[in-house]
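Asks: Protein chains in written order, with our numbering: chain B, 1 to 197; chain D, 198 to 554.
The set of hints was computed from the structure by calculation and includes no laboratory data. Since the structure is predicted, the reported quantities are computational estimates derived from the model, not experimental observations. Take the hints with a grain of salt, since some may be wrong.
[Said to hold, decoys possible] If you only want the chain B side, here are some residues facing chain D, beta carbon under 8 Å, derived:
1. Gln29
2. Pro45
3. Leu48
4. His51
5. Ser54
6. Ile84
7. Leu86
8. Lys103
9. Asn176
10. Ile177
[To be verified] Here are some chain D residues the structure puts well away from chain B; computed CB gaps all over 10 Å:
11. Ala225
12. Tyr243
13. Leu251
14. Gln472
Ideal placement from N, C-alpha and C gives every residue a C-beta, glycine not left out.
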Amino acid sequence: MVRLTTKFVFLFVIVFFSLHCHAKPIRFQFSDGESKVEFEGTGKPSLLKIHGSSEQKLDGYFNFDGKKVSGKVGFDLASLDTGIDLRNDHMKNRYLEVGKFPKAELEIKEINLSKEFNPKSFKVAGPFNGVLQLHGVSHPVSGKINLKVEEDELEVECEYSLSIADFKIQRPSYANISMTDDVKINAKASAKLARTP
Amino acid sequence: MKKLGVFAALSASSALFAFPQMVRHGYANCTTCHQSPTGGGVLTPYGRNLSSDLMSSWGVENEEKFLYGAVHLPEWLNMGGDVRALQLYQNRASRETAQFVFMQADAEAAISVGKVTVDGTAGVTPQGKPLSRRHYLQVRPTDELSFRFGRFLPAAGINTENHSVAVKRGLGRDQGTETYNIEGAWIGQSFDLFVTGILGRLDNRDLGAEMGAAVSSSVFLGNRHKIGASYVYLTRDVGSRNLAGPFFILGLGKRFFLMADTAFTWFNPKVGAAQNGFADTARFNYEMFQGVHLYLSQEFAQSNFLDSASEMEAYGVGFQFFPRPHLELNAQYLKQRYGGAAATFADYAYAMLHFYL
Numbered sequence: 001m002v003r004l005t006t007k008f009v010f011l012f013v014i015v016f017f018s019l020h021c022h023a024k025p026i027r028f029q030f031s032d033g034e035s036k037v038e039f040e041g042t043g044k045p046s047l048l049k050i051h052g053s054s055e056q057k058l059d060g061y062f063n064f065d066g067k068k069v070s071g072k073v074g075f076d077l078a079s080l081d082t083g084i085d086l087r088n089d090h091m092k093n094r095y096l097e098v099g100k101f102p103k104a105e106l107e108i109k110e111i112n113l114s115k116e117f118n119p120k121s122f123k124v125a126g127p128f129n130g131v132l133q134l135h136g137v138s139h140p141v142s143g144k145i146n147l148k149v150e151e152d153e154l155e156v157e158c159e160y161s162l163s164i165a166d167f168k169i170q171r172p173s174y175a176n177i178s179m180t181d182d183v184k185i186n187a188k189a190s191a192k193l194a195r196t197p
Numbered sequence: 198m199k200k201l202g203v204f205a206a207l208s209a210s211s212a213l214f215a216f217p218q219m220v221r222h223g224y225a226n227c228t229t230c231h232q233s234p235t236g237g238g239v240l241t242p243y244g245r246n247l248s249s250d251l252m253s254s255w256g257v258e259n260e261e262k263f264l265y266g267a268v269h270l271p272e273w274l275n276m277g278g279d280v281r282a283l284q285l286y287q288n289r290a291s292r293e294t295a296q297f298v299f300m301q302a303d304a305e306a307a308i309s310v311g312k313v314t315v316d317g318t319a320g321v322t323p324q325g326k327p328l329s330r331r332h333y334l335q336v337r338p339t340d341e342l343s344f345r346f347g348r349f350l351p352a353a354g355i356n357t358e359n360h361s362v363a364v365k366r367g368l369g370r371d372q373g374t375e376t377y378n379i380e381g382a383w384i385g386q387s388f389d390l391f392v393t394g395i396l397g398r399l400d401n402r403d404l405g406a407e408m409g410a411a412v413s414s415s416v417f418l419g420n421r422h423k424i425g426a427s428y429v430y431l432t433r434d435v436g437s438r439n440l441a442g443p444f445f446i447l448g449l450g451k452r453f454f455l456m457a458d459t460a461f462t463w464f465n466p467k468v469g470a471a472q473n474g475f476a477d478t479a480r481f482n483y484e485m486f487q488g489v490h491l492y493l494s495q496e497f498a499q500s501n502f503l504d505s506a507s508e509m510e511a512y513g514v515g516f517q518f519f520p521r522p523h524l525e526l527n528a529q530y531l532k533q534r535y536g537g538a539a540a541t542f543a544d545y546a547y548a549m550l551h552f553y554l
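Given these sequences and hints, build the entire structure.
Replies: See below:
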């Protein structure tokens, strides 16, 4: 009887810890890593390339759990720079209205990975679906994402396009040149392994 | 010598007022700011705004508009004009000269209806005769595609605001050499291609102007650089010539840019031996603060490698100032030498004031 109880307790401990370990995702925190966010739009009729970028650190996290990854990443829109002060002013205050809506936030509910996550070395690329909150509006977006982990550091690069009309942003226009509705986004960021996920 | 001075001054007046260095701010296509696909001439409303917001040291709202906003133009009409004068100084071994030259007083209008534009300048020559330097009919079936017929300079190399430089004036491609052309252009976000049939002076065949063709293309890289190459074939009664070479504009941060245009030349005269040569122009520019530029320049031209007397070189420092919209001051001091190493360097300086409507 004693031997049976010991076996049961031992089995319980193994099952409990294996379940516990499996349930615990591995988290990477963005606030510690480097980042670069870029956008590119087109001004017509002269096909003016309108490019903006920011190297402000992102905030948020990515959680890896077996063959799944999810995350939420925030970005300070006031840090965007198009290289021209007046254009920055128009972009931030007239169109993005950063006073009212200072942040953009991308939430990825779940990406199914093609292989099991390995915290020591991991590399995968594929499509993603997420929800972007911008200008006070949440709207689905989709694109491509690359994930790479090496030595406790996650590198993420994602690309997607959005329609500014979907986010109820007024079409930017200046002196007879108007921006097209389609804007390409490219974001690169690194995140550190969180000590206490 | 006096004639040479006047020629130099008038050549310096050949500015078409395109500012290709705007590439470093991400403006790859001339058509953002100018009606003409090759830049220069009448400004678009966007170009006018940039002349204040990005090019001038100071300015108040609406100052950049046509006639300072005194006249409101309808959307289908863009108007402009240029008045320029130059004070020239030369000190050569044989003679020292100083001269004031009134260079240009032109008006220009562009009327656009749908995809069709008619553009033309009207002015007078220094001798007081009426003159239209440019006039053309342009059709833009799509945002990228443009066709033009009329009188203008064919696209080749960089259309700088100073056409007195070796790669323009030295090769007979500056203002005053405009021919009638038919042009097809593809102007995309990151790539452009101009193909031009050069028809000579259809209005006056007696001038014996050159005819031929030109191809020029460039790519826009990294949102602030432009690199390209051009080829021009020209023929007339005395022979034919070919001009070909690369060009580039490199934006180096927000304040510096390096711009260079080159052309290797092959001249095949109907009588005598072929002549091969080279010409280049380079400018390294520092914008101290908005509207105030300091620059170094270098020019070289040699029409015949076998004849050192055909060699010209010049090294200069310049100051370009856009205090407010409608105004430009450009002053340059150069050390120039004609005739190769045997010749001595002479002093050449000018200060040019440009007012545009």
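Asks: Look at each hint and say if it fits the structure.
Replies: Hints and how they fare:
1. Gln29: With a closest approach of 31 Å, the Gln29 (chain B) hint is violated.
2. Pro45: Constraint on Pro45 (chain B) satisfied, holds at 5 Å.
3. Leu48: 5 Å, holds
4. His51: Hint holds; His51 (chain B) Cβ to chain D Cβ min 5 Å, cut 8 Å.
5. Ser54: 15 Å, violated
6. Ile84: 6 Å, holds
7. Leu86: 5 Å, holds
8. Lys103: Since chain D brings no Cβ nearer than about 25 Å to Lys103 (chain B), farther than 8 Å, the hint is violated.
9. Asn176: OK, holds: Asn176 (chain B) within 8 Å of chain D, min 5 Å.
10. Ile177: 5 Å, holds
11. Ala225: 6 Å, violated
12. Tyr243: 4 Å, violated
13. Leu251: 6 Å, violated
14. Gln472: 41 Å, holds
Taken one by one, the earlier hints fail for this structure at numbers 1, 5, 8, 11, 12, 13, listed in ascending order.
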